[in-house]
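Chains as they are written, first to last, in the working numbering: chain A, 1 to 145; chain B, 1 to 147.
Simulated from the structure, these hints should not be mistaken for lab results.
Small disclaimer: the values here were computed from a predicted structure and weren't measured.
Careful: at least some of the hints might be erroneous.
[Stated by the list, open to error] Below, simulated DSS-like cross-link-like pairs (lysine-lysine); rule was C-alpha separation at most 30 Å, straight line:
no., chain 1, residue 1, chain 2, residue 2
1, B, K62, A, K99
2, B, K139, A, K40
3, A, K79, A, K40
4, B, K91, A, K128
5, B, K129, B, K67
6, B, K39, A, K128
7, A, K128, A, K140
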Amino acid sequence: MKITILEKAADEEDEIIIKCGYLDEGLTKLINQFKGGKGKMNFYKDSKIVFVEPDEILYFESVDDTVFAYTKDCVYETKSKLYQLEEELPSSTFFRANKAVIVNVDKINSLAPLFGGRFEAVLENGYKVVISRNYLSTLKEILGL
Amino acid sequence: MRDSCSKNEIISVMLNICTRVISLIFVVATLFDSASWSKEGIQGVIFIGVVSGLAFGLFYIKKNMTKMQTFLFYVLYFLILNVTLFIVSIKLDWIQKELASCLRMEMMFVLVFFGVCVLMYLVDFNEAKKINQKLKDRKNRLDTEQE
């Protein structure tokens, strides 16, 4: 990658220009840092990059190889895979509920058992997520049970 | 974060089911029959309990089953146990080869099967209650911190 640093005029504002063919994950993370949005996650909505606090996310869902992040009122797309998100997200708040979903513990309203040893979590937006018994112990660990 | 699906958990669930089935068979059989148990009879009940526990492993073959898949696995599980019970029953002369005797055994089996299902649901219900309480505590703590 070529890096060019130019001297600006005294009355000009600092400026970073990124010249690339495709805005990949690494570059968007860099932009995120420069924008001062450290801690925020970058998603896509209508081909635009948006920055969202992880606290606002209710859950992530993988649908046909694309991962979506759901907040109370919006759905965003992310280029990250679920396993990458699992590594990035704080393990004290987010946990894998089943193969296709990562849930924010703080956004769970209630939990109910289903026949077959599974549980159903009702989130703040009313959405229901099935928690496999295999993943339940992670939730219990987060809650100190 | 980590995927905490462990073999220990599966073994623990299987053992749990095994002991519940054995206990319920003894309870239900005693209620219906006031049976006195022979050595072979006790071995038969233990065998059925072990098969029930091991067959429950079916539910761990596939992760994240849909409701329909869970239902089908339950039907399969029910059939495996039913066949095992009838084989043991015929071998140990618990039933005669006549309809009334078979129906009586089937009725007891259904009672035990659904008894175990209800017990498991109640255990899960209790677990969900504890988790809900913890979730509530956590929310209250977060709200207090934000204020």
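Okay, the hints, checked on the actual structure:
Among the hinted pairs, K62 of chain B with K99 of chain A is consistent with the structure: their alpha-carbon atoms are about 11 Å apart, no more than 30 Å. Of the supplied pair hints, the one linking K139 of chain B and K40 of chain A holds, its CA atoms being roughly 22 Å apart against a limit of 30 Å. Of the pairs offered as hints, the one joining K79 of chain A and K40 of chain A holds, with about 15 Å between alpha carbons and a cut-off of 30 Å not exceeded. Under the criterion of a C-alpha separation no larger than 30 Å, the hint pairing K91 of chain B with K128 of chain A is inconsistent with the structure, at around 48 Å.
Between the alpha carbons of K129 of chain B and K67 of chain B the distance comes to roughly 22 Å, so the proposed pair stays at or under 30 Å and holds. With a C-alpha separation of about 50 Å, the suggested pair K39 of chain B and K128 of chain A falls outside the 30 Å cut-off, and the hint is violated. Annotation: proposed proximity of K128 of chain A to K140 of chain A holds, straight-line Cα distance about 18 Å (limit 30 Å).
Checked against the numbered hints listed earlier, the structure breaks hints 4, 6; every other hint is satisfied.
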